[in-house]
Amino acid sequence: MRQLGKLALPALVAAALAPVMMPAQAADTVKMSVVAFLSGPAAGPFGVPSRNGAEVVIAAINAGKLPAPYNTVGLAGRLIDAEYIDESGGNTKQVAEYRNMVEKRGVDVALGYISSGTCEALTPVAEELKKLTVYAVCGTPRIFEDARRSYVFRTMSHATSDNVAAAYYVKEHFPKIASYTAINQNYAWGQDSFRDFDATMQLITKARSSAKLQWPKIFQGQYSTEISALLLDKADLIHTSFWDGDLEGFIFQANTRGLFKKKKAIFTVAETSVYRLNKLMPDGLMVGARGPYGAIVRNRGSELNKWLITAYKDRYGQYPSGPAYQYAQAVLAVKIAYDAAAKAAGGFPTQDQVSAAMKGSSFESFSTHVKMSLGDGHQASTENGYGITKWDAKAGELKLEKVKFYPADCINPPEGTTSVDWIKGGMQGAKC
Amino acid sequence: MDTAITILLDGLVFSSYLFIVSVGLTIIFGVMKILNVAHGAFYAWGAYTAAFLIGLAANAGWPDWAGFGIILFSAILVGLVLGLVLERGILQFMYHRDEVLIVLATFGSFLVLEDVILLVFGVNPYFAFQPMVLLGSVQLGGIARDTYGLTLIGLAVVVATGCWLMLKRTRWGKLLSAVIYDRELSVTMGLDVTRVYIVTFTLGAMFGALGGAYIAPTVSVAPGFGIDVIVLSFAVVVIGGMGSVPGAMIGALAVGLVRALAVHKFPQLELFVIYAVMATVLVFRPEGLFAPVKVRRI
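Chains as they are written, first to last, in our numbering: chain C, 1 to 432; chain A, 1001 to 1298.
Please keep in mind that the hints were generated in silico from the structure rather than gathered at the bench.
You may find that some hints are simply not true.
Unchecked claim - Label pairs and their in silico Cβ distance ranges:
#: 1; chain 1: A; residue 1: L1104; chain 2: C; residue 2: A147; range: 53 to 61 Å
#: 2; chain 1: A; residue 1: L1072; chain 2: C; residue 2: Q202; range: 46 to 54 Å
#: 3; chain 1: C; residue 1: E172; chain 2: A; residue 2: V1112; range: 48 to 56 Å
Predicted model only: the values in this text are computed from it and were never measured.
Where is the CB? At the ideal position from N, CA and C, for every residue including glycine.
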């Protein structure tokens, strides 16, 4: 019995340690970390729909139920083993979490990220660890303008296209605008957004910027004083790239004080609130979705778009907003790259083969055509659109009217040119 | 002229908000010598509870003015429950320990309470706009102002007057003043310090929750709601002198007015000015403008 005990003890220890000593994932799956804000002020408007958008597409990929031509099972035949990670907590935490994902949990693909600050912090780490990392949302153009990347991709357009398209939309729909002011969060996202909008407005219109621009802190929540300053400002138009809870709080507070009756306003990200606020959102706001996503493309009749709307609505009981589309698009881009790489390699591809397949690729996504044409083939370029909010009493929902799309080649800088240089140089080569 | 009136009103509205939130923090510090980081959680819980209940009431067809009663109820409820739970459940076991450990305990409580918010209320923001919409707007200084925001000034006056009357004109106030002045002497005089601590902490928690509950109708109540307010409240009480109610009022006024001036005239300095005021005060009066007199011990 003692002998048996001596034998049993190491066996038990070995059995207990077995899961720890085994590779982080089974060989027949592709382990994917999906990162989005699951707590904090950005979770409701951005993080949760992002996560849901990824989840619904991952489930369809694993079941082989995406519409053709993407209706094959898994990534190059292997199922996706997804984990969902909270993006909250700041850059330091996210870098540590990323290292854990890659070095301890052995993920094959890191996908997601909403905050521009986080993407900027992660990019050098992703390159150092040589791990395929696909940004789904974050906006700053600097990621691929500052340096060439090998392992990092972004599958939607960067913020420059949002703001160039915004300026075109203002010019076309409100040509009499003579001056504009702005309220943007005081960090890279807000500052870059206004910089591009301002430069484009100065280039394509005669309107001039107010001297007093508002730069509140991110997640400030209360804007009473800033709204007073905007009301006193003589500018005709307000530009804002507010997102998350700040966006919705600002809309409530400003609407109560009649700001939107006194001035026009263009919101580059406010599509995220169209379904959420519904009747609480005032008429007449110009809103964008950071691309052709969400309510902006609600009426597009492609099979892929109809599938996403139906699948998402069936699963979550609501229409997919922009972030849901953007994460769904990132997952789809990964599938397309894996499948193409496998076809070229004649078997399950290596990470380098997947990266090579994604670099410079071009594909039909749920609501638009995506070209990985910028940043040496690592940065997507798509069209972008805006619309104006209008309550539809008959349908009982807020809708977007006067929706206008601007082609990718009109609102994105050409390859090899930085956004700032392109706009300041007169947007040479733009095909509008 | 319009700009001057607007700056004054903006400053007063923001000062009032800061005072309501920070008065609880300074009362707790004055009596208990605890730097209560969990105060931000009281604020957030007050906001969530009010927003949730106002939403329920609206769905049940209650009139919009019921929101004001709900705000008060939420502040009392949250203050009573969380104040008692924290004081009796955690802090009473730590009074004899180092002050740094107590701060860490309140910080830990803050993080736990923030996470419990996620479990109870979820990640989606809450909107409780009914009281704000009910009061509409008025024209002042050439622009529309939300009347609800202006009522914050009235509420701050009520809170300040109430605190003054309680501290100066009631037996409880005299007991509190005695503990603030010298805790050990108060004990030797037979004062039930434990009871004073319980009441003080609960009252402070109620003020924190009242700030959150009252501001809830003007904002999107979202996770992480209590983080920024705790930093601002610390700035206010440091400027005014930790533990001083008049100090909190002066600190709030200083921060609110200077910030409003910056937003209107030098918006790029908005973030800087609050802490510039704090730093300036600390340079010339490290104990703050109205710090309670300390007993010289021999």
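Here is how each hint holds up against the structure:
no.	hint	in the structure
1	A:L1104 / C:A147: 53 to 61 Å	41 Å, violated
2	A:L1072 / C:Q202: 46 to 54 Å	51 Å, holds
3	C:E172 / A:V1112: 48 to 56 Å	52 Å, holds
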